Amino acid sequence: MSQLSTQIPEGYVKVFSRPRSLSDAKYTYCPGCHHGIIGRLIAEAIDELGIQERAVGVAPVGCAVFLFRFYNVDFVQAAHGRACAVATGLKRASPNLIVFTYQGDGDLAAIGTAETVHAANRGENFTVIFVNNQIYGMTGGEMAPTTLPGQRTVTCPEGRDVKLTGHPLKVSEMLAQLDGPVYITRQAVYDARHIQMAKKAILKAFRNQAEGKGFSLVEIVADCPTNFQMSPVEANRWVVEKALQYFPLGDLKVKED
Amino acid sequence: MLKGLVVIDRERCKGCGLCIESCPFGVLGFSGEYNSSGYNVATMVQPEKCTGCAICAQGCPDVAIEVYRLQPQGAKEAA
Ligand SMILES: Cc1ncc(C[n+]2csc(CCOP(=O)(O)OP(=O)(O)O)c2C)c(N)n1
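Chains as they are written, first to last, in my numbering: chain A, 1 to 257; chain B, 1 to 79.
Careful: at least some of the hints might be erroneous.
[Claimed, not checked] BS3-like mimics (lysine-lysine), calculated; alpha carbons at most 27 Å apart, straight line:
{"no.": "1", "chain 1": "A", "residue 1": "Lys253", "chain 2": "A", "residue 2": "Lys163"}
{"no.": "2", "chain 1": "B", "residue 1": "Lys3", "chain 2": "A", "residue 2": "Lys14"}
{"no.": "3", "chain 1": "B", "residue 1": "Lys49", "chain 2": "A", "residue 2": "Lys14"}
{"no.": "4", "chain 1": "A", "residue 1": "Lys170", "chain 2": "A", "residue 2": "Lys204"}
{"no.": "5", "chain 1": "A", "residue 1": "Lys170", "chain 2": "A", "residue 2": "Lys200"}
{"no.": "6", "chain 1": "B", "residue 1": "Lys3", "chain 2": "B", "residue 2": "Lys49"}
Honestly, the hints are just simulated from the structure, not real lab data.
Everything numeric in this text was worked out from a predicted model, so none of it was measured.
With the sequences and hints as input, model every part of the structure.
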C-alpha cells in the first residue's frame, strides 16, 4: 500500500486503512460477500483491544476455511462444526489466550449444533462469531438449517418446504434460553450504520472474554450473492427485506454482573 | 466543506459495486479498467465531491479502500 500512499497530495491524512491484524493476503471470497466485512471488523476489534499477541482464532469448514491466511493472528483449523469443542480445549488449557471461533451456519448450526449448544450451556469463556448467510456457500449453495421458508437453493429448487425440511433454526434465540451464555446478539453488515453496530457487538464479545465473564456469541445475518444468484447490491436488499424478517436484529441476552 | 480522497487498491477490488452504491455523493463509479483477475475496478468519477466520510471503505468486503481527509493547518493525523 505504501506505493499507493505516495500519490496522496500534501495536507491529506489517512482516516481509514486496513487493520494491522489483517495480513496482506487477498480474500478468497466472491465479490460482495459479507464474510470480508466481518473479517475486517474482527481484525479492528483485535487491534483496538491490543490482543493481537494472545488472540487465537478457530477457523471453520466453509468459505472461511482459509481464515488463517487473512490474519496476522494465530489460528487453529477445526474439523467441520467442531470449532467450539476445539476452542473449549484451547481456552481451558491456556486461559490467558483470547479465543474466538468463526463459523458459518452450515458449520455451527448443522453439523456442529451439539458442540455449539453444549459449549454455550457450559458457559465456556470464549467468543463465537456466527455468520448466518442462510446457505452452504462453499459447497455450491445447498439448503442450510437457516434457509428461509420458500427460499430457493440447489437442493430445494422449488423453495424450502417447511413441511418437509422444517423451519429455519433460530440459533441465537435458542442459546439465549440457556443459563450459560452472558451475551447473545444478532447483527448485520449491509450498511455503514449496521457495520458500526456489529463492530461494537464484536468488541463487547471480546471484552466479556477478557474480563472472564463467559460465553458470548455474535450472530451476523449475512449474504451470499453468488449462491443467491443476485448482484451484491440485490443480495444486500435481500438481507434487509427477507432475512431480517425471520432473523430480527438486536440483543437476545445480555447478562450484567 | 470537508475534502476527502479515496485510494482503491486495484488488485484487491472485485468490482462488486457496493462502494458505488453506498456513496452518498456519487463520487465512485466503475473505471472500465480490468485488474489481473478480470474485475472492473471502482474509481473516483467525481473526486471533487468526496468528503472522506469513509462509508465506502466501511462496506468494502475486500478492505480495498483507503480514505484520506484534507486536514486544516496544524491538525494531527487521526489514524
Ligand atoms: C465432515 C464434513 N462434512 C461435509 C463437508 C462439506 N462441507 C464443506 S463446507 C460445508 C458447509 C458450509 O456452509 P457454511 O458453514 O454455512 O459456510 P459458508 O460456506 O456459507 O460460509 C459443507 C457441508 C465437509 N467438508 N466435511
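Hint check results:
1. A:Lys253 with A:Lys163: violated (30 Å)
2. B:Lys3 with A:Lys14: holds (12 Å)
3. B:Lys49 with A:Lys14: At roughly 18 Å apart (the allowed maximum being 27 Å), Lys14 (chain A) and Lys49 (chain B) satisfy the hint.
4. A:Lys170 with A:Lys204: holds (22 Å)
5. A:Lys170 with A:Lys200: Status holds; Cα separation ~22 Å.
6. B:Lys3 with B:Lys49: holds (8 Å)
Of the numbered hints listed earlier, the single one contradicted by the structure is hint 1.
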